[in-house]
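Numbering (our numbering), first residue to last: 2 to 142.
Simulated from the structure, these hints should not be mistaken for lab results.
One thing to keep in mind: the hints can contain errors.
As the list claims (entries may be wrong) - With a straight-line cut-off of 20 Å between C-alpha atoms, the simulated DMTMM-like cross-links for lysine to aspartate or glutamate are:
(1) Lys80 - Asp114
(2) Lys99 - Glu57
(3) Lys99 - Glu122
Because the structure is a prediction, the values reported are computed rather than measured.
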Amino acid sequence: MINELIIGISQALDTAFSDVEIHTNQIKQGLVGPCFFIMLIEPSQEQVLGQRYYRENSFDIHYFPRKDNTSEINDVADKLMDALEYINFDGGLLRGTKMHSETVAGVLHFFVDYNFHTIKETVTNPYMEKLKVKGKVRDSE
């Protein structure tokens, strides 16, 4: 399901920033901006009731600008608020929460959470087809 979230984020970024490269794998040195890098941070899961679980998925979307340009970074951060509010996920839309951003060393870090409930399917063991029982009844004298 995490890969489906990353695909949904990539699609939303591509729609809003069609001319910017999007990376989902480890970034190598020599990266040329502008580009995005999608990084999952601190995924967690908590059992709610029975087979129902709550999953929290926090993402840090890095934006590497053309150059160290504060106005470009501010424009992108503003646009990301709208672009990542809803993403396509599991045949519907999933809402991003806890959106905020910060700039570190000329790179925009945009944080967003995509949380949802899921139900785990249980594996049931098949019943025995036939059971033979042999025994005797004792007289209780």
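Hint-by-hint comparison with the structure:
1. Lys80 - Asp114: 17 Å, holds
2. Lys99 - Glu57: Holds, because 11 Å separates the two Cα atoms, which is no more than 20 Å.
3. Lys99 - Glu122: With Cα atoms ~30 Å apart, Lys99 and Glu122 exceed 20 Å; violated.
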